[in-house]
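Q: Chains as they are written, first to last, in our numbering: chain A, 120 to 228; chain B, 120 to 228; chain C, 120 to 228; chain D, 120 to 228.
Among the hints, erroneous ones may be present.
Where chains are identical, the list cannot tell them apart; a pair therefore holds if satisfied intra-copy or between any two copies.
[Claimed, not checked] List of simulated lysine-lysine pairs, DSS-like, C-alpha gap at most 27 Å:
#, residue 1, residue 2
1, 202, 218
2, 211, 153
3, 202, 153
4, 148, 218
5, 203, 153
6, 225, 203
7, 218, 203
8, 211, 224
9, 148, 211
10, 224, 202
11, 224, 203
12, 203, 148
13, 153, 224
14, 148, 202
15, 225, 202
16, 153, 225
No wet-lab data here; the hints were simulated from the structure.
4 protein chains.
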Amino acid sequence: MSHENYQSIIETLHECMSTCNHCYDACLKEDNVKMMAQCIRLDRECADICAYLEQALGRGTPFVPELAQVCADICEACGTECKKHDHDHCQKCAEVCFKCAEECKKLAS
Amino acid sequence: MSHENYQSIIETLHECMSTCNHCYDACLKEDNVKMMAQCIRLDRECADICAYLEQALGRGTPFVPELAQVCADICEACGTECKKHDHDHCQKCAEVCFKCAEECKKLAS
Amino acid sequence: MSHENYQSIIETLHECMSTCNHCYDACLKEDNVKMMAQCIRLDRECADICAYLEQALGRGTPFVPELAQVCADICEACGTECKKHDHDHCQKCAEVCFKCAEECKKLAS
Amino acid sequence: MSHENYQSIIETLHECMSTCNHCYDACLKEDNVKMMAQCIRLDRECADICAYLEQALGRGTPFVPELAQVCADICEACGTECKKHDHDHCQKCAEVCFKCAEECKKLAS
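Chain A extracted, bound-state conformation:
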């Protein structure tokens, strides 16, 4: 894959990480935090794996397909959970997670 294409996925991973961290922060401030527990958990996982993959791509990791596949799985799960909640930060997060999952799947194949 060309360097330009990595640049694009790195930006998407960065956006997904930021959006998940924002959603995590916002979920912890909601009135009904209990309802958001799984969302909080998946936001953290998704932010961490996106941060990991972003760094790994940047440093020339030889494990692109393996890491992209696990990142796709986690983004997909996080998007599915966020999608269930009406908060703007969750709906926005779902959208970015699904987009990131799609790009990671392409990278994995």
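Chain A is already provided as a structure; the job is to place chains B, C and D on it using the hints.
A: Using the frame of chain A, we list chains B, C and D on its own:
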């Protein structure tokens, strides 16, 4: 500082990271998650900085005092928050955080 | 999987991370650093994924098999590279990486 | 500090992390890797602390000044090392590190 002393602080950081992650997980399963929001937040921060410092010491970082000081501050804050809650996982976490903060302070000086 | 078994794999991941970081540090101090370039690269990757999985298990991640599989792949590759070099730190690292890869494979299946 | 200003420092941290990882990768491919050993070491440290602070800001960490100060110190040291080497990736990295150090110092004060 001798290699043996690093070995000891690395074990303490590892224990603190594990205990904070366990407390984080347990807090998200509590009935009153809202009351635990700050604890969840600090558990994550404390686990992450302990994991960071543990790795940094292991790879021979030249920034031991700087990183140990910020780790001490975060462990202290996490211990202070955990201490407020009666759950066993919080009380245990407070104890481990305060111990880790003490060892980090020594490393920082 | 029982909590006791997680405790065992967490210790193995911790040992693997520490050993890889020590090998990374030692490789950077060798006379012939060029020969160690791939070892340095894989030591970092392996330390980082072990640190990731260790934290993820500790916080109750729902992605145990996916993460354990990628960790197994990276440990295996790092062990294979380290095995090629005669330095004590590389031979020791290879041994720990292969052991960790085995345990991760069990966790993944 | 306003959200807009965080957005700016997050972008700078992201650029610094990417540039350090690129420099790390390029240093490991140089003919004279031995001469680059300290650069490799500091590139990793700098990429990791920038990634840490970027995530911490994104999730609303209460430890902004403490983390920004240590990040400034590490960026400064990495820039100073990179500056010594004529490779384009090192000169570019030095420039980005110094810029990031300046912004982190402002955040710390």
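Q: Any of the earlier hints contradicted here, and which numbers?
A: Those not satisfied are hints 13 and 16.
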